[in-house]
Amino acid sequence: MQRVLVAAALGVPLLAGPALAQQPAAEPLAVGAAAPDFTLPGATRYGVLAQPVRLSDFSGKTVVLAFFYRARSKG
Amino acid sequence: MHAYRDQYAQLFNDGQDVVLIAISADPIDTLAAWARDDQFQFLMASDAGTVVAKTYGALAGRPGMTNRNLFVVGPEGKIAFRAVPFREIDPAAYTELGEAVGRSVGKRE
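As given, the protein sequences belong to chains H and A, one line each in that order. Position 71 of the first sequence, counted from 1, bears residue number 71 in our numbering, the numbering being contiguous throughout. Position 62 of the second sequence, counted from 1, bears residue number 62 in our numbering, the numbering being contiguous throughout.
The hints are simulated quantities; they were obtained by calculation from the structure and are not laboratory data. Incorrect hints may appear among the rest.
[To be verified] Residues from chain A that face chain H, not an exhaustive set, calculated with beta carbons under 8 angstroms: (1) 19; (2) 54; (3) 56; (4) 95; (5) 105.
We put the beta carbon where it would ideally sit given N, CA and C, even for glycine.
Make the full structure from the sequences, and use the hints.
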């Protein structure tokens with residue numbers, strides 16, 4: 001506990017790993033930039049999807065990526 | 001998120017040639033339960049490690065959380081529009097989003 005308090009007092013990010021500490025948060029991708037492909041666990045209102053969601057699976061369509069803070073929050 | 005649900009037809013061309021993916025760092029079970037309870041007609045994705053958020057530039061100031069940045073990816077795979085952050089209480093933000101999606105869909109051959 002003492003160590004945690006010391007770390008907090010020094011402003012050391014306890015949850016952020018070394019990688020995050022070394023690399024500042026990236027700037028949002030600019031209009032015109034290639035959208036990096038990704039694969040993430042997905043779900044619909046009918047449940048968790050058996051197959052993950054992959055951006056490149058929707059090639060040829062318009063895809064809206066809406067990041068948000070947390071489930072069951074407003075917005 | 002409820003505005004996306006309630007204005008789905010206008011904002012997202014009612015899902016015709018448009019895929020909405022709502023992304024947060026929540027566990028996928030949490031997102032699935034919320035989508036079920038509130039009847040979201042779009043995809044949810046769990047970026048629990050915030051790896052994708054980092055790639056796109058959608059990390060919140062607090063570790064392990066995503067912020068409310070929004071990106072429209074055109075049919076050719078490029079960022080066609082961004083709202084950083086998306087101003088969820090501003091009606092103009094929804095108008096801009098709907099227009100951007102409409103332009104993107106219109107570009108499709």
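Results for each hint:
no., hint, in the structure
1, 19, "holds (5 angstroms)"
2, 54, "holds (6 angstroms)"
3, 56, "holds (5 angstroms)"
4, 95, "violated (15 angstroms)"
5, 105, "holds (5 angstroms)"
Checked against the numbered hints above, the structure violates only hint 4.
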